[in-house]
Amino acid sequence: MWVAQVLINALVLGCLYACIAIGFSLVWGVLNVINLIHGSFIVLGAYLAWGLYQSLSISPWYVLVIAAPLFFILGYLLQRLLLNRVITAPVLVTLTLTFGLDLILNNAMIYFFKADYRKLTLSPPMGSISLFDVVVPVDRLIATASALALTGVLYLVLRRLRVGRAIVAVRLDRDAAILMGVDVKSIYAIAFGLGAALAGCAGVLMALIFPISPLTSSTYLGKAFVVCVLGGLGSVSGALAGGLLLALVEGVGSTFFGPSHATTLSFALLIVFLVVRPQGLLGRKGFE
Amino acid sequence: MLCLKSACLPVILGIAFVALAGWSASASLAAADDVIRFGAPLPLTGPLAPEGIKQQQGYDLWAEQANKAGGISIGGKKYKVEIVYADYQSNTPRAVQTTEQMITQDNINFLFGAFGSGAAKAASTVSEKYKVPTIAAAASSSQVYDQGYKYLFGTYTPNDTLTAPLTQIIRSQAPDVKKVAILARNDLFPLAIAQEMEKSGKANGLEVVYFEKYAIGTLDHSATLSQIKSLAPQWIFITGYINDLLLIRKQMVDQQMKATVVTMIAGPAYQDFIESAAQSAENLTSASWWHPAEQYAGTDIFGSTSNFVKLFHEKYKSDPDYGQASAALCGALFQIAIERAGSLDKDKVRDELAKLDIVTFFGPVKFGANGQINSLEPPVFQIQGSRPIVLFPQAIKQGELKLGVN
Numbered sequence: 001m002w003v004a005q006v007l008i009n010a011l012v013l014g015c016l017y018a019c020i021a022i023g024f025s026l027v028w029g030v031l032n033v034i035n036l037i038h039g040s041f042i043v044l045g046a047y048l049a050w051g052l053y054q055s056l057s058i059s060p061w062y063v064l065v066i067a068a069p070l071f072f073i074l075g076y077l078l079q080r081l082l083l084n085r086v087i088t089a090p091v092l093v094t095l096t097l098t099f100g101l102d103l104i105l106n107n108a109m110i111y112f113f114k115a116d117y118r119k120l121t122l123s124p125p126m127g128s129i130s131l132f133d134v135v136v137p138v139d140r141l142i143a144t145a146s147a148l149a150l151t152g153v154l155y156l157v158l159r160r161l162r163v164g165r166a167i168v169a170v171r172l173d174r175d176a177a178i179l180m181g182v183d184v185k186s187i188y189a190i191a192f193g194l195g196a197a198l199a200g201c202a203g204v205l206m207a208l209i210f211p212i213s214p215l216t217s218s219t220y221l222g223k224a225f226v227v228c229v230l231g232g233l234g235s236v237s238g239a240l241a242g243g244l245l246l247a248l249v250e251g252v253g254s255t256f257f258g259p260s261h262a263t264t265l266s267f268a269l270l271i272v273f274l275v276v277r278p279q280g281l282l283g284r285k286g287f288e
Numbered sequence: 001m002l003c004l005k006s007a008c009l010p011v012i013l014g015i016a017f018v019a020l021a022g023w024s025a026s027a028s029l030a031a032a033d034d035v036i037r038f039g040a041p042l043p044l045t046g047p048l049a050p051e052g053i054k055q056q057q058g059y060d061l062w063a064e065q066a067n068k069a070g071g072i073s074i075g076g077k078k079y080k081v082e083i084v085y086a087d088y089q090s091n092t093p094r095a096v097q098t099t100e101q102m103i104t105q106d107n108i109n110f111l112f113g114a115f116g117s118g119a120a121k122a123a124s125t126v127s128e129k130y131k132v133p134t135i136a137a138a139a140s141s142s143q144v145y146d147q148g149y150k151y152l153f154g155t156y157t158p159n160d161t162l163t164a165p166l167t168q169i170i171r172s173q174a175p176d177v178k179k180v181a182i183l184a185r186n187d188l189f190p191l192a193i194a195q196e197m198e199k200s201g202k203a204n205g206l207e208v209v210y211f212e213k214y215a216i217g218t219l220d221h222s223a224t225l226s227q228i229k230s231l232a233p234q235w236i237f238i239t240g241y242i243n244d245l246l247l248i249r250k251q252m253v254d255q256q257m258k259a260t261v262v263t264m265i266a267g268p269a270y271q272d273f274i275e276s277a278a279q280s281a282e283n284l285t286s287a288s289w290w291h292p293a294e295q296y297a298g299t300d301i302f303g304s305t306s307n308f309v310k311l312f313h314e315k316y317k318s319d320p321d322y323g324q325a326s327a328a329l330c331g332a333l334f335q336i337a338i339e340r341a342g343s344l345d346k347d348k349v350r351d352e353l354a355k356l357d358i359v360t361f362f363g364p365v366k367f368g369a370n371g372q373i374n375s376l377e378p379p380v381f382q383i384q385g386s387r388p389i390v391l392f393p394q395a396i397k398q399g400e401l402k403l404g405v406n
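As they're listed, the protein sequences go chains X and Z.
Numbered by the numbering used here, the letters in the first sequence go through residues 1 to 288 in order.
Numbered by the numbering used here, the letters in the second sequence go through residues 1 to 406 in order.
Calculated from the structure, these hints are not laboratory results.
Just so you know, nobody snuck in bad clues.
These stretches of chain Z come out as covered by chain X in the derived footprint (C-beta under 8 Å, 3 or more residues):
no., region
1, 44-57
2, 211-222
3, 226-236
4, 242-248
C-beta: ideal position from N, C-alpha, C; glycine also.
Produce the complete structure using the sequences and hints provided.
See the structure below:
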C-alpha cells in the first residue's frame, strides 16, 4: 500500500512543483531571462500570507486574490524600470542583474523578518483524509487544486486573451511580433508581471505546507530550474509535466536509494535531459 | 564649479573617508590597552543563522555582565570585554578564512569556536597554528577533539552521553519498544549523533529497521516518512536542526504517523521549536547539554543557574536554551582562566583552561586531555504541556516519561 502512498505523494508534490516553476518558465521562455529573483518572490508571497493571517486573520485562500495583483505590479515595474534597459544584452547581463536584485530582496527579507523560520498554522488545522490506508493532507490537497487552477488560468490567458496571444507571439518570434505591431517592451513587462504574480501566489500556497524563511528561496529556485529543464520552457503543460516527473523521481529515488540520494537522482536526470533532450519533455526544439 | 562636480567631490569625499578611518583607528587603538578582544566567527546569515544568532546572544549577555562588573580583572586592573563578530554566512571554508583574519588583522586575544562540529573543527586548524586558546560553544562530535590540539576546548560532552541515557530510559520504561527507525540530516553533528543512536540501540537489544540520511535543505520528506510508516517502528529517532525538525514533524502529522516514542535532536530544546510545533511537540523526547531547570551554584560570573536564567530573561524576554547558555559559559570560563592566569599571555590562559575543575551555572566544568568537557551529565527531557520536562538525571528530574506520540 505504501507504493500507492508514494505515488499519491508524488502527484501532489508534482503539482506544487509545477506551481513553483510556471512563472519562472514563462519569464525564461518569453524574455530569455533566467530570473534569479523568482525564489525570493515566492518567499515574499509566503510572508504576505503569513503576515495577513497572523495580523488580520485573513485566510490564505483570500490572500491569493491580493497577492496576484500586488506581485503583478511589482514584476511589471521591475521589468519596465530595470530589466527592459538590458533586455537585449547577452544573457549574462540579465542573469547578473536578477542575481543582484535577488541579493537585495533576500537580504532585505533577512533584515526585516530575520532568518528565523515561521510557520503558518491554520486554526483549526485541516487534518488529513485517508482512503485504504493512503493518507493525503487536506492543506496539500487544496494547495494542489489551487496550483492546478492557477496553471489553468495561465493557460487560458495565453490561449484566449489577446495579450496572451501576444506573449506567445513574442516568445515564438520577437521580430515578427514587432512587425505585426506588438509592443514588445510592454509584453515583456506583462510577462514578467505574470511570472511575479504566479511566484507570489505559489508562495502563498507554499506557506501552508513548508516553513517560511528567506533561506528557502534558493531551494525553490533550484526546483523551478530543474522543472523547466525537464518539462520544457515557456509552456504550461511543460511545467506540469516537469513538476510531476521531478516529484516522481524524488519520491521513488528516496524510497529505493535513500532520501539523501533523491536530489542526486533529480540532478542526474537534469544532466541527462540537457544532453539528450535539451528542449525538455514537452518543449519544442529551438526554444530550449 | 566644474571641478567640484566632476573631480574634486570624489577627492574631498576620499579625504574625508581616510580621515574618518584614521580617526576611528586611533580611537580604537587608544582604547585597545584596556580591552580584551574575543573573536567570534558565527553563521549570522545563511541556513544556520537561527543557531548562530542564539550563540551571539549568549556571548553578548556574558560581555554585558562582565563589563557591568567593571570588566576582567588582571593584576588589580580591570579590562573591558569586546567581542569582535564576523559572519561567515554558514559557509565552512569562509569560517576558516574569517578565523585567520581575526587573528592576523583584528588582533583578537582569544577565540570562540565556529558553530557546529564541522565548522569548529575546520576553523580550529587555524587557531591551533597561531596558538590562540579557543573554546567551542557548539561542537560535540569526538572527531573535533581527536586531532591532538592543545589550544582547543569544547563545552559539549561527546554525543553518546546524550543517546546512552535516552536509550536506557526508553528500554526500562517502554518495554514494548523493539524496533527503531533513524533518520538523520546529512551533516556532521546530526549524522554523528544518529550513528551513536544506532550503536546505542543495537547495544540495548533494539532492532534498527531503518537508517537513512536526508540531504541538507530537503523540503519534502513525505516519501521517506511513508516508508518509515510502512515499517511500523515503535521508536522514531530523527536528527537535524530547528527547520528540518519542524518540517518533518508537520509532515509526520500529515501522514498520521504514530509511535510509542518519537525523539528529535536538536529541535525540542529550543523554545521557538516548541512554540512553532504547538500541539505536535507534545510527548516528543530529546536530550541536550543543559536545561534551565538545572540548579547549580557556580563560581562563575553568573553564579547560579537560576540567576543566569533571570538575567537572560531580562535581556531577551525568553528562556535560554543550551546553545545560548553554552556560549555564555565560554565567556565566563575565559574570564576565570584569564583572572587566574593574571595575564593575557595565551599559553598561561590555555594552561589555566586545561586545569579548570569548577562548578558553573552550566554544571561542573573539567576538560579532558583532548580538550572536550567530560564532567557534565546532559539532561534527557520530554515536551509535556508545551514545556520541556526533565526525565534525567535523577537530581533534577521533573516528571515521568509519557508514551505515545500522535
